[in-house]
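Take these sequences, add in the hints, and give me the full structure.
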Amino acid sequence: MSRIRILVGTRKGAFILTSDAARRGWQMSGPFFGGWEIFHVAGSPATPDRLYASQTSSWFGQVIQCSDDGGATWNPVGNDFRYVGDPGTHLHYDGTPKPWAFKRVWHLEPSPADPDTVYAGVEDAALFRSTDGGLTWQELPALREQQGAKWMPGAGGMCLHTILIDPVNPQRMFVAISAAGAFRSDDGGASWKPINRGLHSQYIPEPEAEVGHCVHRIAMHPARPGTLFMQKHWDVMRSDDAGESWFEVSGNLPSDFGFAMAVHAHEPDTVYVVPIQSDSEHYPPEGKLRVYRSKKGGNDWDALTDGLPQQHCYVNVLRDAMAVDALDPCGVYFGTTGGQVYVSADAGDHWQAIVRDLPAVLSVSVQTLP
Amino acid sequence: MATVRVILPYHLYTLAHSDAELELDVPGAVTLAAVLDALEAAYPMLAGAVRDRATGQRRPLVRFYACQDDCSNLAMGALLPEAVATGREPLIVVGAIAGG
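Going line by line, the protein sequences match chains A and B. Those letters in the first sequence? Residues 1 to 370, per this note's numbering, in order. Those letters in the second sequence? Residues 1001 to 1100, per this note's numbering, in order.
Hints listed in this document are in silico derivations from the structure and should not be mistaken for laboratory results. Just so you know, these numbers come straight off a predicted model, no measurement behind them. Among the hints, erroneous ones may be present.
[Stated by the list, open to error] Computed footprint of chain B on chain A, listed as stretches where at least three residues anywhere in the stretch have a Cβ under 8 angstroms from a Cβ of chain B:
1) 48-59
2) 67-80
[As the list claims (entries may be wrong)] The calculated EDC-like cross-link candidates involving lysine to aspartate or glutamate, where the alpha carbons are at most 20 angstroms apart (straight line), are:
3) A/K150 x A/E206
4) A/K98 x B/E1089
5) A/K98 x A/D86
6) A/K295 x A/D240
7) A/K193 x A/D240
8) A/K103 x B/E1082
Beta carbons are placed, not taken as given, at the ideal position from N, Cα and C, and that holds for glycine.
Take a look at the structure:
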């Protein structure tokens, strides 16, 4: 019988939640790395008990932890993230050039096929790869050649936060950066191109620039990797040509600002977002925590509220804090900055809080175990 | 070869899976850099946690104390006090009081 393992990164440590396929009774372990910020924990699809965690601290820097027993025990591996060559400068908030400097790892994306290969999206934005289980890291520097001098940090920092590997063609990868935009490689990361045509961002000097857009998240369904969904700073977008062009699918959302996004495990046109009031007010509109689901690939959205607080709720749901499992019916999960982790075991129709009082949740990833 | 005592803050000795107080063999002159070289050689997971990997300088929110003095702004190549070099006093690594 399948089991579910949720890997939760928070401002003050990591937590692991497990359940059987019913997804009603949950056991929690943790905190792991208590007191540290855990930006992301991710499991290898190839060897699910191989986990990687990004542990970081303003005091003591970056640590990458690795587990080979599903998170029961951990060992620090490599944390030497060196840019290739002189990385030069990017734009600072005030428009002046600022030297590139490594700060932290936002996202870890293990290879679908090899448990020792894992990608890391970092701040200041760059993509690194390890092929030895995280012991050593090598930058894929061609990404920064895509007008990196024009990239600028979003409010949370200039972070590479999303890495998608095409399951059909592993040479094809997508990444997203705040605030640079989305980029695609068709040769395993050796070269990249910006894929931001169709994005319109009023808050940048050239609203339809090739780079500079504050993309918050992109998501795909593994069976249809040419279709991408994007939660931009403002606007929910869709591409049906692997990012060559985008069109808006915000439709009837109460706000098209937000961070998190996920696609249903079995329905490529069913997509989930969590609208947030605005870029100035990072909480749900009207104090109602609502997941919105479109079963038509966007534009036509339904509010999912059963089991979610519908008054006095002022939490945020961050970009890496929403995920789905692979069971049928599909489970949907998200964590909040208020420390709740919610599950829906029926594709969003009904929700329950698994835990309510964790530190602020930074990331949620889900493993469906045999 | 000097034997130098180093006291680590909670987050670093838990990261190193070590005791809070360590004894390190330091070859040559007992400078801050030499002690940190010995620390990182014995506990590789602490590389980058005390001094920045790119610059080799003390991370901004890490402080060093010895013999009741703040040594944080000593040059990496400066000698530590004799009491530290002879093991009578420890070099204390502290996470600065900041944040929430």
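Now for the hints, and whether the structure bears them out:
1. 48-59: holds (count 3)
2. 67-80: It holds, with 3 qualifying residues against the three required.
3. A/K150 x A/E206: holds (12 angstroms)
4. A/K98 x B/E1089: With Cα atoms ~41 angstroms apart, A/K98 and B/E1089 exceed 20 angstroms; violated.
5. A/K98 x A/D86: The given pair, whose Cα atoms are some 13 angstroms apart, holds under the 20 angstroms limit.
6. A/K295 x A/D240: holds (16 angstroms)
7. A/K193 x A/D240: holds (17 angstroms)
8. A/K103 x B/E1082: violated (36 angstroms)
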